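> Mapping to the working numbering: the sequence shown position 150 is 150, numbers consecutive.
Since the hints were derived computationally from the structure, they do not count as laboratory data.
Owing to the predicted nature of the structure, the values given are computational and were not obtained by experimental measurement.
Misleading hints may appear alongside valid ones.
Stated by the list, open to error - Derived pair list, reagent style DSS-like, types lysine-lysine, alpha-carbon separation capped at 30 Å:
#, residue 1, residue 2
1, K88, K137
2, K170, K14
3, K14, K102
4, K54, K102
5, K102, K88
6, K88, K173
7, K102, K166
8, K102, K173
9, K14, K54
10, K166, K88
11, K166, K54
12, K88, K146
13, K170, K88
14, K170, K102
15, K166, K146
16, K166, K14
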Amino acid sequence: MAHPLTAGQATRAKLMQAASLIVARDGMEAATTAAIAGEAGVAEGTLYRHFESKDDLLIAAYRQMKQEVFLDAGTGLDTSMAPPERLKRTWRAIYLAYRANKDAFAFGQRFSESALAEREGGEAGRAVGRMVSDLRKAGIASGDFKNLPPDLLGSLFMAPITYLLKAEMKGRKWTDAELDAAADSVLAGWLR
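Work out the full structure: start from the sequences and follow the hints.
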């Protein structure tokens with residue numbers, strides 16, 4: 001059972017959500033402290049009671065988004081299933097999580113192209129990397145996957161998601177058969 005948020009936690013969450021929405025909609029430069037506070041419905045000074053700076057707020061929002069999309073998408077997947085099937089289901093779960101929240105995708109894209117991505121230090125990426133690495137290790141151990149560097153496999157995993165979502169944001173609709181084919185392509189890049 002989830003515990004209710006304290007008032008401070010709720011305000012912090014509203015600030016992160018507001019910052020994410022502004023960046024997704026209007027870009028990094030539009031995410032001023034005044035705009036974020038206005039979107040969150042709080043006084044501008046409130047931001048500084050919860051974050052040391054606007055940059056710290058944006059970094060926290062990015063890490064939270066990665067947590068929700070990547071790690072939560074993997075929650076509930078049976079880790080005892082064969083690595084190839086687990087890879088396809090994980091890929092699809094992440095794709096569908098981003099599809100359901102295209103603002104999270106747009107925010108992540110804009111954040112990763114900003115100077116803040118370097119300052120973030122890769123913490124969010126390391127969490128995702130652990131997930132990819134665990135799947136990679138299981139697939140190598142079972143003899144299913146190539147022994148390629150995790151960052152290469154991660155790129156083979158994410159590139160189709162990025163392509164498909166960018167096309168969707170321009171109005172393209174993908175069928176289930178096309179999504180299955182994309183998942184099969186990702187798997188083909190990993191298979192021995």
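> Each hint needs a verdict: does it hold in this structure or not?
Going through the hints against the structure:
A threshold of 30 Å between alpha carbons decides the hint, and for K88 with K137 the separation of about 16 Å falls inside it, so the pair holds. Annotation: proposed proximity of K170 to K14 holds, straight-line Cα distance about 28 Å (limit 30 Å). Taking the CA atoms of K14 and K102, the gap is near 18 Å; set against the 30 Å cutoff, the hint holds. Using a Cα cut-off of 30 Å, the hinted pair K54 and K102 holds, with the two alpha carbons roughly 23 Å apart.
A distance of roughly 21 Å separates the Cα atoms of K102 and K88; the hinted pair therefore holds under the 30 Å criterion. Taking the CA atoms of K88 and K173, the gap is near 20 Å; set against the 30 Å cutoff, the hint holds. Restraint check: the Cα-Cα separation between K102 and K166 comes to about 9 Å, which is no more than 30 Å; the hinted pair holds. Between the alpha carbons of K102 and K173 the distance comes to roughly 14 Å, so the proposed pair stays at or under 30 Å and holds.
Proximity of K14 to K54 is assessed by CA-CA distance (about 14 Å); at most 30 Å being required, the pair is judged to hold. Restraint check for K166 and K88: satisfied, since their Cα atoms lie roughly 20 Å apart, inside the 30 Å limit. Under the criterion of a C-alpha separation no larger than 30 Å, the hint pairing K166 with K54 is consistent with the structure, at around 27 Å. Our distance criterion of 30 Å between C-alpha atoms is met by K88 and K146, whose separation comes to about 16 Å.
Simply put, K170 and K88 have alpha-carbon atoms about 25 Å apart, close enough for the 30 Å limit, and the pair holds. Distance hint between K170 and K102 is fulfilled; the C-alpha atoms sit about 12 Å from each other, no more than 30 Å. Restraint check: the Cα-Cα separation between K166 and K146 comes to about 28 Å, which is no more than 30 Å; the hinted pair holds. For the suggested pair K166 and K14, the alpha carbons sit about 26 Å apart, so the restraint of at most 30 Å is met.
Hint compliance for this structure: no hint is broken.
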